[in-house]
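Q: Reminder that position 1 of the sequence shown reads as 1 in the numbering used here, one-by-one numbering, no gaps.
Quick caveat, the hints were computed from the structure, so don't treat them as lab data. Don't take each hint at face value.
[What the hints assert, rightly or not] Listed next, the in silico SDA-like pairs over lysine to any residue satisfying Cα-Cα at most 25 angstroms (straight line): (1) Lys240 x Phe258; (2) Lys131 x Phe109; (3) Lys131 x Ser110; (4) Lys229 x Gln119; (5) Lys17 x Gln36.
[As the list claims (entries may be wrong)] Pair by pair, the computed Cβ-Cβ distance ranges are: (6) Arg235 x Gln4: 42 to 52 angstroms; (7) Pro148 x Arg235: 46 to 56 angstroms; (8) Gln4 x Leu44: 27 to 37 angstroms; (9) Glu123 x Leu61: 21 to 31 angstroms; (10) Gln79 x Glu123: 14 to 24 angstroms.
Yeah, the Cβ is synthetic: ideal placement off N, Cα and C, and Gly gets one too.
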Amino acid sequence: MVEQINRDIAALEEKVKVIATELENAYISYLTALGQGVSKQLMLATYHLCTQGYPQEFVRLSMSQRQQLQQEIRQLTQQAAAQLLRHTQTEDSLEFSFLAEEETAPISFSDPVELMKWQFQVENAIAHTLKTLSSKTNSVLQKAEILPNNLPLAPLLEAATSASDGAPEMMSGSSPNLLNLLIETDSDSESSESHVTHIIAIHLRLIEIEFADTTVRAKRNQIRSISGKVGKLEREYQKKQRERDVAQAEAAWRASWFES
1 MVEQINRDIA ALEEKVKVIA TELENAYISY LTALGQGVSK QLMLATYHLC
51 TQGYPQEFVR LSMSQRQQLQ QEIRQLTQQA AAQLLRHTQT EDSLEFSFLA
101 EEETAPISFS DPVELMKWQF QVENAIAHTL KTLSSKTNSV LQKAEILPNN
151 LPLAPLLEAA TSASDGAPEM MSGSSPNLLN LLIETDSDSE SSESHVTHII
201 AIHLRLIEIE FADTTVRAKR NQIRSISGKV GKLEREYQKK QRERDVAQAE
251 AAWRASWFES
């Protein structure tokens, strides 16, 4: 019985290897489309911020300053797209470059549990890329004096996007990939009164990028479909491993049992 269960597990592992390759290819296609979608959405969000959120600050810039700002934003979008594409350019199957920074044990992609862990790492890396790109864009806008540069914007945004208590109030109705904040600041005068500052900043959200781009959304749906297959295999794999453990224990019991 144990031998049959082992054969069943080996067959499941072969299926996992096949679906792992399918998942890798899906991520390659998805990240390629996502890189293009991020570029478009970041430029669009920056356009709305400069023309509708801070029109006076933008107009005050000279022609050369506006061109420099736009060029820096374009460079950031190109860097982000290239970074996402580099995630797919590896020699070894299912080993993305951004995972190489972490010293982790080699992942066995015949194991569906490890494959799911790998996918979790990939998703975390994508989220980190978007967060970093948002932060860099806001820094460029602060340097250009579009966004107020007298506020520690990075920690304020971190607080606003976390679930911690005391985070600044977020206003509803913002444009995609923009964050509207109401921040209470101390008055410059000697009075104890404070006033509320309205801040609009770049905050790239994966869900909004996918919603706005049909190609990216379609690629994501493909990944979801494959993930469902992985989840099913993982449940079957766990069941078979449990059956093997029980069968081995029963065999061990019989082998050691003797009548007194």
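Q: Sort out which numbered hints this structure fails and list those numbers smallest first.
A: Numbers 1, 2, 3, 5, 6, 8, 9 - these are the hints that the structure violates, sorted from lowest upward.
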